[in-house]
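Asks: So you can see what is in the structure, the chains are spelled out below.
There are 8 protein chains.
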Amino acid sequence: MNKEELKAMLEEVAGGRLSPDEAVMRIKLQPYEDLGFAKIDTHRGVRQGANEVIYGAGKTKEQIEKIVSHILSNDAKSVLITRMSAEAAEYLSQSAKLFYDGLSKIGIAGERPKNAEAGNIVIATGGTSDIPVAEEAALTAEYYGSRVTRLYDVGVAGIHRLMNNAELLANARVVIAVAGMEGALASVVGGMVDCPVIAVPTSVGYGASFNGLSALLSMLNSCASGVSVVNIDNGFGAGYLANMINKM
Amino acid sequence: MNKEELKAMLEEVAGGRLSPDEAVMRIKLQPYEDLGFAKIDTHRGVRQGANEVIYGAGKTKEQIEKIVSHILSNDAKSVLITRMSAEAAEYLSQSAKLFYDGLSKIGIAGERPKNAEAGNIVIATGGTSDIPVAEEAALTAEYYGSRVTRLYDVGVAGIHRLMNNAELLANARVVIAVAGMEGALASVVGGMVDCPVIAVPTSVGYGASFNGLSALLSMLNSCASGVSVVNIDNGFGAGYLANMINKM
Amino acid sequence: MNKEELKAMLEEVAGGRLSPDEAVMRIKLQPYEDLGFAKIDTHRGVRQGANEVIYGAGKTKEQIEKIVSHILSNDAKSVLITRMSAEAAEYLSQSAKLFYDGLSKIGIAGERPKNAEAGNIVIATGGTSDIPVAEEAALTAEYYGSRVTRLYDVGVAGIHRLMNNAELLANARVVIAVAGMEGALASVVGGMVDCPVIAVPTSVGYGASFNGLSALLSMLNSCASGVSVVNIDNGFGAGYLANMINKM
Amino acid sequence: MNKEELKAMLEEVAGGRLSPDEAVMRIKLQPYEDLGFAKIDTHRGVRQGANEVIYGAGKTKEQIEKIVSHILSNDAKSVLITRMSAEAAEYLSQSAKLFYDGLSKIGIAGERPKNAEAGNIVIATGGTSDIPVAEEAALTAEYYGSRVTRLYDVGVAGIHRLMNNAELLANARVVIAVAGMEGALASVVGGMVDCPVIAVPTSVGYGASFNGLSALLSMLNSCASGVSVVNIDNGFGAGYLANMINKM
Amino acid sequence: MNKEELKAMLEEVAGGRLSPDEAVMRIKLQPYEDLGFAKIDTHRGVRQGANEVIYGAGKTKEQIEKIVSHILSNDAKSVLITRMSAEAAEYLSQSAKLFYDGLSKIGIAGERPKNAEAGNIVIATGGTSDIPVAEEAALTAEYYGSRVTRLYDVGVAGIHRLMNNAELLANARVVIAVAGMEGALASVVGGMVDCPVIAVPTSVGYGASFNGLSALLSMLNSCASGVSVVNIDNGFGAGYLANMINKM
Amino acid sequence: MNKEELKAMLEEVAGGRLSPDEAVMRIKLQPYEDLGFAKIDTHRGVRQGANEVIYGAGKTKEQIEKIVSHILSNDAKSVLITRMSAEAAEYLSQSAKLFYDGLSKIGIAGERPKNAEAGNIVIATGGTSDIPVAEEAALTAEYYGSRVTRLYDVGVAGIHRLMNNAELLANARVVIAVAGMEGALASVVGGMVDCPVIAVPTSVGYGASFNGLSALLSMLNSCASGVSVVNIDNGFGAGYLANMINKM
Amino acid sequence: MNKEELKAMLEEVAGGRLSPDEAVMRIKLQPYEDLGFAKIDTHRGVRQGANEVIYGAGKTKEQIEKIVSHILSNDAKSVLITRMSAEAAEYLSQSAKLFYDGLSKIGIAGERPKNAEAGNIVIATGGTSDIPVAEEAALTAEYYGSRVTRLYDVGVAGIHRLMNNAELLANARVVIAVAGMEGALASVVGGMVDCPVIAVPTSVGYGASFNGLSALLSMLNSCASGVSVVNIDNGFGAGYLANMINKM
Amino acid sequence: MNKEELKAMLEEVAGGRLSPDEAVMRIKLQPYEDLGFAKIDTHRGVRQGANEVIYGAGKTKEQIEKIVSHILSNDAKSVLITRMSAEAAEYLSQSAKLFYDGLSKIGIAGERPKNAEAGNIVIATGGTSDIPVAEEAALTAEYYGSRVTRLYDVGVAGIHRLMNNAELLANARVVIAVAGMEGALASVVGGMVDCPVIAVPTSVGYGASFNGLSALLSMLNSCASGVSVVNIDNGFGAGYLANMINKM
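Protein chains in written order, with the working numbering: chain A, 1 to 248; chain B, 1 to 248; chain C, 1 to 248; chain D, 1 to 248; chain E, 1 to 248; chain F, 1 to 248; chain G, 1 to 248; chain H, 1 to 248.
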């Protein structure tokens, strides 16, 4: 409620068209619903331009089912669930229409949005082991309506694989660079394009990769301009942000 | 040189209008100039949509002067220099027209671009000690043409300072959140707006802030969507990326 | 035994009312009982104002049962057991009256104290995954007699959920802020109230949360005054301390 | 402004006794004043029960002077400044009445509060090198009105020094344990008293003390109940919190 | 394609012996084949002097089988697979001729190269637990044609075991030093020989070995000249590099 | 072989009483036997005053059995095996006389030495969870002939438990202090005795104990003199060293 | 005061030969003197078998002078001061007889003890840069009466330097191994001798030595038996402990 | 001295042509000379194929001068000194012929070897700030006789700068890749060449580069084959090893 809306409402009160009690209600009205163990943010579609998302890790299948059913019964057509176990997906599919991708552990309950056609997000990975994280990003961006081009297994140790796809990269509005190990993909891609690059370090690797720390530090220290970084393995965060930028 | 341009050029060769030697030259032509200690990227304006930037740290004042003079003599109207010491600025100002801001250590040699009016980038800081980094971001974004709104000293421990500026934040196309210590500003701002938030951890703090590590980790773990992170104290990187997104 | 008591006792010796041997006994009397593998602190109720607590992790079910039975047979009405596995609870319930909460893994053997009504401790969590730690704190504080108000899932990325409960927070004598990921909840709450805030970082998160390190550092670097921190996932410690402060 | 106050105000609007514009003003009224580089929180005395404090590190002497003069000219009798350099103290003393302690770098501008007599806070240190941090805590707590008992150089490697002061500790309402190196003081003290213990790790030590990390981890892992921890060298935070608890 | 080859080809175009379209094809021809989830680098034998290697970790047995079958059907006589599970080996052996070593998890599909006789690589280990990593190095180097001498369990805590094999070491063209725990083997060997030493830290150890970090740091800080280091447990990398140097 | 022995032997050669070949043999004679995967140090009893010990972790039960049988068939009466799994113990007991302690995972194959009576080593633990590590130390020291006094569960948070055993500590020739969590036991004990204290950090704890790092750092930073530290959970190392010192 | 002494004293009270007040005095008598900023432990010579030592770092020259003068006026013949700056030494020498070694920063005020002849401590260093720490150990051990043999610059990268001194090492009762960088000296020496080895990591090195962390971890993970570790650069601690063991 | 040489010598003894005393001398002869504070390894030229090198850091100018003069007076024509301060160079040049390069801090005392012409080592840097480390490597390799090609400022964020020099890289026998920040240069170069790549992480960068840690981890995790790593900023080590490999 901005200043003008507030003044307008107060003038309704002054004009007797709105009782003080109702005005209190409106101002204080909680923009979320309380399920006890979770407070669902039903106004988020308005406030942030995107529907509520359920972070599935650390929630029981019953909790997920309860939240999903609550959201779908409140005019939402669909809800995105990340990091949902196959078991929870199995359980949820008994009571709701569900699309589920076992690789990325992404689920979409309700009506899955149609083909995404807005703009162009290119998602590149260093290796094949980074694909689950890349798919989490891709399915998220597509869910929100962005067109996604996948460019997998183009790690910098075989730089010609990347160079041969320079045009494909040049056509991107946003690039998501997903890589583990030394995470150099973000820097090289960052130097090849003139659009924002969202770097996603992955926990792929062993030894001194320290579960993604090596890739994370590399990406933060990228000497290419236009690169920013999200958390290790955070495909959802990258896909969400890429969609946001893609649609500007 | 994309596929079509390449084919066009090769057809000139086939038609005898271009000699093989000249074609070799064009394909191999180095898109940078070599000063011995540095290779200046003169085509970057074309390729990345932004002029060459000089990272001043670790360069002698003589090196900076040499690179600046080379760039300005190649049709560039101005050049941005980051992390330039007051001493180097003093030295450079003897041979070039120079704007220099001692707080952010940003210099602009040549013609400083006129008032930046594109879009709206809001730059918020947690405290007053974060201002130098914020100014590095602000001057960078303005240099590239973006309008910047400064919102300083709105750390989350006095949340009303931030809430009272909710409208100002709501009008941003991009927000840069600059904070040291616990770095919580990025998460709170990230939940208040529906545009991309670029988080800049700063090395402000003491003890267990470990020179910015605490703020860095906080920002990477932000539970708000739409937040990405750049290196500790990397005001330039944030400003450059924010301008890129702001102009999409 | 303070100076005055010591002098009084020695005067009894001087007066012949107490033999030297008995005096030695009294001075040296061990204020704990020795079970071989554990030394139970039976005087703690006097010395620290709270009964013995059993830290269940790393103890076998038989060891827990032995210690519980020993304590209950020494005039204690009940004993609190933390981090007790469901299996140990099952085993213990065969020989003792037991309340057990599977979520927080808290057990109370013997007579569970009646409704706790002293003061008001508000326990807030950032998300639903933090609830097990929060419940460990809540059940501990209630066991010692404090009234607890639960305020779950009010993470800072949806700051209105927290602002709407400002009054509830304002009525607290102590607040416990439980959060993983970026742990910003402690700072925001710390700025909203004028009572002590005990921050509990949790290991909830992934990637660069490094099992709670991110939240721990955030909370230690809180720029809000009145905030102190306990170990990662240490709900018991927070509940114990909150009760202590609440009753002052 | 709570629900009742809001309703009362809105009834004034309904009754025509207050114009909508004035009501907007009241609701939106900024509870801080804006100096450009800093937003001073003038309502904090009301909201948090304590006056504004100036964190001196990272501020120029001119900035400190400006903030102090602004605060003192707004009905505040005094203002506390932490981590103020001797040079800034020298500068400030030219325009304001100033108490300054060079050891702890604490300054009090304006009227220094009279002898603090409330309750009893015992501040113990492991060694003599921890005294500057301890004094920061002591002067802070005294500034807010608490009585402080100093117990310095009682590190655990000479446990009799601590045991001989057991009674002194037993009389405390709150204990602040300040120690570097292995930081064991907090655990030992925590086991001797039945009041809250605030542990302050210091950066005193060398080698594997890693600037206070060793003491910090020790204190977080304390097996004594009732212990919580603040940031490394954060004497102010400990003193502020101790005063808050002491006065409950 | 180097400068001369490029000019030659362009002269064919100028001479009409090659169409522009075909020239485009040749220049752009992708030196890898695309399986969708992986891009196989079929020219690597030419470019890097070694055949494609499959990093088995993080790939399903079906993916491994698919890549192997593709490579073997493209004129390659064999392919090396590292970190292949026994289960994947079982699966692969149904469709391809396979040598598999369960200790090092190395597989060779197709025709295993004959006895390796080139030069002499000595592979030393600190203890028996380092043997799996050493064998990964040994089998890799042998696969590429190098002769390997194994010298296992010669850790520095029994320095005579190493001294008694001084001649054996003196005859090496390259030494691979494989050690966990304190990793001192690399330094001692480095001081005994005048050939390159490749140090491989292993994750063998416990407590403060921190999964190989201790050995890694030791080896990087070796005060012996001629020592370089690969990733923790990276036997393949060491064997590959040793073979490369051995054959110079 | 020292200088005098060498000269003596060479004089035998000069005198014709020893052939050059035999002299070569003697000088080069390998003081270990080679089982292929392990080099057993049969002269260690002479050189280091203690028999070979088998570090059981990372060895298969067959390897352990082979080494044990080899050692016992070479005049050794017994052999100590550390970190041996119950499964390996079961297997070994089929072919050798075996004492096995499941708590500490210590095994003694062959004739277990009689009651140890030399000197006095006191082994103290902070809690009951530290007992397995303490027993590894105790059984090792007893194996080599030292008398051991166990003092378990005397953590510093209940300092009276430790003070009441001051005499017992005062009678020690060496103390081993075993503790996890904050590891303060080493410092307090170090200040109470005037004999060497060997500190063993354990991985007991959770959260910010970081698997023993907290206790390790505490112990390294101990402000008590006479304290040195071994690796996390290294009961064997502490027991071995304590016995060595105890017998001086 | 042990049980028997206590009983004896109490019998004096019972017999009227000692007043209760005097008995209180005796029991409570503080075994240290209080200088305000420091509590000097005057009974330490009795309790720990060694005189008070002053840790000079972090103390002003005036504080050092005050403590020294107090100790020397209480029957102590001398006092050891570690980490004393040249400036403090200059100041102290004006009021007390002082031996000062600028390399190790060790000072001895009062009568320096005569030639130390007890036992034999060998102190070995890896390089010349480790000598200051080694001298801190040497002068400390000599101060307490131990004979010290110096063996400097025998790092493992030139293992023959160490092997050629095997006899010298064999004659030691205790060895102190001082090394930075990879810290391998401790392991190699540990395998060559059958006496206790005290390892001192130093902060000598650069890059990944991380100020001594590399050497510290190496030494903690030593696979040689009989090795224990003190803090980085802690020459005093090693010298003190070595003397204690040497004299057993 | 190998087995055959030893037998030959012993036969001289048996034949009376060599006295036992002389034989002892020969076997025991110390292959270094002892300056008290340093043991100079005069046989290293024979044993390791390279002359003694002086690591200048942490040595006084007088120590350096003494070692240099000793070495030069023992038939060595020159000696390499690394990390020598300008001040020490000034001092040394008074008594010896000295080449000194202020950028890399490399000095060569005595006769500087003539133009190096063996093989071809390419040294590439990511940026201009990495040049001092690169020059340390270059001058070292040239000192030992290798030809060096410098390729500076070819960081991966402008990948065309590297691609345009592909031929130059293809002609290398060894490549040294020197880079700070994200250190991706090693991986990209590693994928472009089929010769050994020695990666040198530098401490160039800020924030999360953590003084070279980021580049170090990147290089250790390189997914390119044939890459190994030396310590941060260790240009000497890389140059020494590269020369060794280059000459094979």
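Where hints are given, some of them may not hold.
Stated by the list, open to error - Pairwise CB distance ranges, derived in the manner of DEER restraints:
1. B/T149 - H/A57: 48 to 56 Å
2. F/A86 - H/M163: 58 to 66 Å
3. G/G145 - E/E167: 41 to 49 Å
To be verified - Below are the SDA-like pairs computed for lysine to any residue, each with C-alpha atoms no more than 20 Å apart in a straight line:
4. C/K247 - D/E12
5. F/K61 - E/G102
6. E/K66 - E/R83
Hints in this document: simulated from the structure, not taken from any laboratory.
Built from N, CA and C at the ideal position, the CB exists for glycine as well.
Asks: Next step is simple, just say for each hint if it's right about the structure.
Replies: Consistency of the hints with the structure:
no.: 1; hint: B/T149 - H/A57: 48 to 56 Å; in the structure: holds (50 Å)
no.: 2; hint: F/A86 - H/M163: 58 to 66 Å; in the structure: holds (59 Å)
no.: 3; hint: G/G145 - E/E167: 41 to 49 Å; in the structure: holds (46 Å)
no.: 4; hint: C/K247 - D/E12; in the structure: violated (41 Å)
no.: 5; hint: F/K61 - E/G102; in the structure: holds (17 Å)
no.: 6; hint: E/K66 - E/R83; in the structure: holds (17 Å)
In the structure shown, a violation is registered for the earlier hint numbered 4 alone.
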